[in-house]
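Sequence lines, in order, name chains A and B.
Residues 1 to 64, numbered by the working numbering, are exactly what the first sequence covers, in order.
Residues 1 to 184, numbered by the working numbering, are exactly what the second sequence covers, in order.
It is possible that part of the hints are untrue.
Chain A is faced by these chain B residues, among others (derived, beta-carbon under 8 Å) [stated by the list, open to error]: (1) Q13; (2) P24; (3) Y77; (4) I80; (5) I108; (6) V113; (7) S114; (8) L128.
These are computed hints drawn from the structure, not numbers from a lab.
C-beta: ideal position from N, C-alpha, C; glycine also.
Each chain, letter by letter, is given below.
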Amino acid sequence: MAEKNRPKGPNMQAAEPAFDPVAAALKQLHQAVENEPLPEDFLRILDDIDAKIKASKTTTNSVQ
Amino acid sequence: MSEGLPSSAEADQIFRDELLALIPSLRSFARGLCGGREMADDLAQDAMMRGWAARNSFTPGTNFRAWMFMILRNQFYTTIRKNSRMTSWDPEVAERVLVEAPAQQHAIHLADVSKALQKLPAEQREVLLLIGANGLSYEEAAEIIGCAMGTVKSRLARGRKALAELIDGPADEVAQDRISIAAE
């Protein structure tokens with residue numbers, strides 16, 4: 001990421017929207033994890049959920 | 001006619017889709033809380049399954065992310081309490097971060113931020129993660145944590161300060177204008 005400058009001054013902490021390197025680093029860390037491909041384990045949980053939804057649809061339909 | 005039914009297949013399908021969309025954020029929040037990838041993914045999966053099991057107590061149209069984050073967070077603290085080896089306090093790492101930081105020539109390295117984050121008290125870390133990383137509002141963070149907004153704000157301020165000090169050393173003379181973010 002390109003270097004950004006922020007003005008130094010007494011109100012630096014009070015006026016928040018100014019560039020904050022720590023906040024920027026937190027966002028980058030967050031995005032790095034978010035961009036990882038989903039591990040298999042997570043997809044398996046979704047498969048289980050899908051199976052349950054499918055089963056409940058079948059039940060609902062037969063009841064109606 | 002399915003409206004209002006607690007567990008219709010349609011409602012379940014919507015819940016499932018929202019859950020899927022939220023997995024990256026859940027993983028990220030868990031990673032920030034736990035540090036380690038494996039432990040974090042276990043926590044995120046646990047939260048998913050608990051969320052699914054408790055789906056009937058979620059009110060559609062309300063803040064799903066906040067609801068899931070709350071489940072994940074509660075589970076994190078429950079696990080920590082049960083298993084004290086999970087606490088991430090490691091004085092040696094803190095020492096290393098502090099010693100190494102001045103040599104970084106004002107560059108923040110993400111790995112250092114990640115390490116430093118794990119040194120913070122969990123109550124400060126979670127606020128930094130929710131607001132600083134995930135971009136949640138003070139209100140949402142307060143709802144998730146179950147505390148007043150003023151508490152969220154003061155924890156955020158303390159957390160930021162502590163994090164900056166862990167990275168740069170305890171100086172009120174942090175050369176903010178010269179700090180750059182090193183992406184790797």
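So, going through the hints one by one against the coordinates:
no.	hint	in the structure
1	Q13	6 Å, holds
2	P24	4 Å, holds
3	Y77	20 Å, violated
4	I80	20 Å, violated
5	I108	5 Å, holds
6	V113	4 Å, holds
7	S114	6 Å, holds
8	L128	6 Å, holds
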